[in-house]
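Take the sequences, apply the hints, and build the full model.
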Amino acid sequence: MIDNRTIHLLILSTILFFGCKQQPKLPISANSDILKVAEGFDFTEGPTSDSLGNVYFTDQPNNQIYKYAIDGKLSVFTDSSGRSNGLYIDNNQNLWACADGQNQLWKFSLDGSKEIILNPSGEVNFNGPNDVWVHQNGNLYFTDPIYQRPYWETKHDTVGHQSIYLLKNGNPILLDSTLIQANGVVGNSKENLLFVADIGAGKTYRYTINEKGELEDKILFVAQGSDGMTLDSKGNLYLTGKGVDIYDKKGRFIQHLEIPEDWTANICFGGKNFDQLFITATRSLYSVKTNVKTVR
3 MIDNRTIHLL ILSTILFFGC KQQPKLPISA NSDILKVAEG FDFTEGPTSD SLGNVYFTDQ
63 PNNQIYKYAI DGKLSVFTDS SGRSNGLYID NNQNLWACAD GQNQLWKFSL DGSKEIILNP
123 SGEVNFNGPN DVWVHQNGNL YFTDPIYQRP YWETKHDTVG HQSIYLLKNG NPILLDSTLI
183 QANGVVGNSK ENLLFVADIG AGKTYRYTIN EKGELEDKIL FVAQGSDGMT LDSKGNLYLT
243 GKGVDIYDKK GRFIQHLEIP EDWTANICFG GKNFDQLFIT ATRSLYSVKT NVKTVR
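Counting the sequence shown from 1 gives a position; the working numbering is that position plus 2.
Please note that a few of the clues may not be correct.
[As the list claims (entries may be wrong)] The list that follows gives simulated cross-link-like pairs (lysine-lysine, BS3-like), each with its CA atoms no further than 30 angstroms apart:
(1) Lys274 / Lys291
(2) Lys214 / Lys236
(3) Lys69 / Lys236
(4) Lys27 / Lys244
(5) Lys116 / Lys75
(6) Lys220 / Lys170
(7) Lys157 / Lys192
(8) Lys170 / Lys244
(9) Lys27 / Lys38
(10) Lys236 / Lys220
(11) Lys192 / Lys295
(12) Lys192 / Lys251
(13) Lys69 / Lys109
(14) Lys157 / Lys214
(15) Lys295 / Lys27
(16) Lys205 / Lys274
(17) Lys244 / Lys38
(18) Lys116 / Lys69
(19) Lys27 / Lys291
(20) Lys75 / Lys38
(21) Lys192 / Lys236
(22) Lys295 / Lys220
Hints are computed from structural coordinates only; laboratory data are not their basis.
Structure representation (structure tokens):
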């Protein structure tokens, strides 16, 4: 005969078993080492990966774009980047660069050749293209906040708003001018979602991308701003600034990564299996193994 104490223990064991079984795995295991894989830069930004998992990132003050290869070798991709900040490699393996030196968007081939797509004359008013994401259909989204650079010869803050744009067929289309200071941008092509960080307001918004490539159904996703951002295959959103904060697809906080630098600027997935998170933080590039992979 089983006594009441035994029954209670069996019930408790069952609850603990199923509770543990249903506990979701964190995107990054708690005991994972965050490794410094490159250092000695002035300010790192804009990481993005090609189809092999090689990671490209900028050292904006020094006007350079670097390549960190899957074999761990670091090389200079270009030492004339137009003072590029955010980068993104599209499905055709074009490297898009927010070249804010003259308010432009540059498109590099991975052999190093380039073409100026947005504002080739440098005469159109923008604050300074900052971050960029490209939908699988080729539509490009970029943010245009104002960060007065010491190397600018004139002030760029002549637009009157710091917004998110669509670049479609070579033409910039203003999408949302109500943001205080748009910064990080990332999207999910399959679900037609776009996330835009309003770092000036300390908020990140989610939009639906309609058939024209324009934005609708704007909602507050999380009351936290961000510099650069990325998404993973589970729909988790990664925000940067003071380390890395990870939110699930419903906007619930799930994990924080402490990075030993003053500022964490941007983030992407890369590596041979696209299960490494690469983090640009002030003077260094960091990497950590993940339990998830990237999404485009």
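Here is how each hint holds up against the structure:
1. Lys274 / Lys291: Holds, because 11 angstroms separates the two Cα atoms, which is no more than 30 angstroms.
2. Lys214 / Lys236: holds, 26 angstroms
3. Lys69 / Lys236: holds, 27 angstroms
4. Lys27 / Lys244: With a Cα-Cα distance of about 23 angstroms, the restraint between Lys27 and Lys244 holds, given a limit of 30 angstroms.
5. Lys116 / Lys75: With a Cα-Cα distance of about 23 angstroms, the restraint between Lys116 and Lys75 holds, given a limit of 30 angstroms.
6. Lys220 / Lys170: Within the cut-off at roughly 20 angstroms; holds.
7. Lys157 / Lys192: Cα-Cα ~39 angstroms, so violated.
8. Lys170 / Lys244: violated, 34 angstroms
9. Lys27 / Lys38: With Cα atoms ~24 angstroms apart, Lys27 and Lys38 stay inside 30 angstroms; holds.
10. Lys236 / Lys220: Roughly 21 angstroms separates the two Cα atoms, so the pair holds.
11. Lys192 / Lys295: holds, 15 angstroms
12. Lys192 / Lys251: holds, 14 angstroms
13. Lys69 / Lys109: holds, 16 angstroms
14. Lys157 / Lys214: violated, 33 angstroms
15. Lys295 / Lys27: holds, 13 angstroms
16. Lys205 / Lys274: Violated - the C-alpha atoms of Lys274 and Lys205 are around 33 angstroms apart, more than 30 angstroms.
17. Lys244 / Lys38: holds, 17 angstroms
18. Lys116 / Lys69: holds, 16 angstroms
19. Lys27 / Lys291: Measuring from Cα to Cα gives roughly 14 angstroms; hence the hint holds.
20. Lys75 / Lys38: holds, 13 angstroms
21. Lys192 / Lys236: Distance of about 13 angstroms is within 30 angstroms: holds.
22. Lys295 / Lys220: holds, 26 angstroms
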